[in-house]
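Generate coordinates for the entire structure from the input sequences, incorporating the hints supplied.
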Amino acid sequence: MKKSIRNLLTILFLAAFSAHAQQPGYYRLQVGDIQVTALSDGTASLDLAKLLSNTQPGEVEKLLSLNFMPTTVESSVNAYLVKTGDKLILVDAGTAGNFGPTLGQLTKSLAKAGYSPDQINAVLITHAHVDHVGGLMDGDKMVFPNATIYISKTEADFWFGAKSKGNIPEKLKGFYQFADASVSPYIKAGKVKFFDYGQELFPGIMPLARPGHTPGHTFYLLSSKGEKLVFWGDVIHSAAIQFTDPSVTIDYDVDTKAAAATRKQALADAAKGGYWVASDHISFPGIGHVRADGSKYVWVPANYSTYTLAK
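Note that our numbering has the sequence shown beginning at 4, numbered continuously upward.
Warning: the hint list may mix true and false statements.
[Claimed, not checked] In silico DSSO-like pairs for lysine-lysine, Cα to Cα no more than 27 Å straight-line:
#, residue 1, residue 2
1, Lys144, Lys86
2, Lys267, Lys65
3, Lys275, Lys231
4, Lys196, Lys156
5, Lys174, Lys53
6, Lys156, Lys168
7, Lys90, Lys144
8, Lys168, Lys194
Hints are computed from structural coordinates only; laboratory data are not their basis.
Quick look at the structure:
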């Protein structure tokens with residue numbers, strides 16, 4: 004009886020969510036000859052007052068208030084599809100069904116954009132947290148059966164190396180379980196490539212070592228016809244706070260000191276270079292530019308456009 008009631012409540016919640024959700028799905032941008040499509044996996048509720056660290060008293064509340072936001076916010080979970088030549092390359096894979104009905108929308112967004120999971124040739128992983136690799140699997144089924152998964156050797160050694168598995172910090176045990184369940188089936192099937200930095204994975208796509216959030220956290224630099232876009236992964240978790248104060252860290256950072264240093268470097272370089280940035284947890288579509296403002300930075304989101312110039 005209790006199980007039936009739970010099932011009924013779940014159905015009612017899902018129906019209410021579906022009726023009222025504002026799911027944007029996808030957003031396209033042209034970078035030189037390469038088309039980039041932002042894909043929404045949905046949103047996750049984060050209590051930033053509890054999760055953020057290295058903050059001043061009252062700083063989180065003040066900065067969120069200035070941005071007309073409460074301390075508990077919906078954080079976007081974004082992934083990105085790169086269409087280059089005859090290749091379809093996904094950057095990160097979302098969560099699948101690991102965190103409830105407000106997430107796990109990636110394959111639906113992909114379908115809205117006109118593609119199916121079996122068309123994906125490669126998945127580039129920024130890091131192995133569940134909101135970036137969870138969507139690789141649907142139960143015991145590979146969601147992207149024809150794709151090769153790319154992960155940096157440093158990241159793979161941390162999450163899947165024998166040494167790491169023998170000495171897992173308590174707070175990371177859940178992360179290890181999700182990483183193992185999501186990626187190991189592809190490893191066993193011979194569908195994972197572990198890369199070193201310093202060379203392109205595909206024409207115009209270069210991995211960049213940006214450690215801190217995880218030891219092998221990776222940016223991907225996309226270049227075409229003099230235009231650039233950098234996929235940032237998890238360098239930003241709260242745009243309202245971390246653009247103003249890049250030293251603020253989050254509980255999910257494996258190495259908070261290195262994460263803060265990477266963020267400061269990324270912000271300074273993006274502001275100086277003026278290139279596009281695509282970030283997994285900035286409000287969807289998570290694409291924009293960075294502008295310096297004294298010792299702070301300002302996020303300038305992409306101007307909304309209803310068309311893309313084909314090149």
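Failing hints, ascending?
Hint check: nothing fails, all pass.
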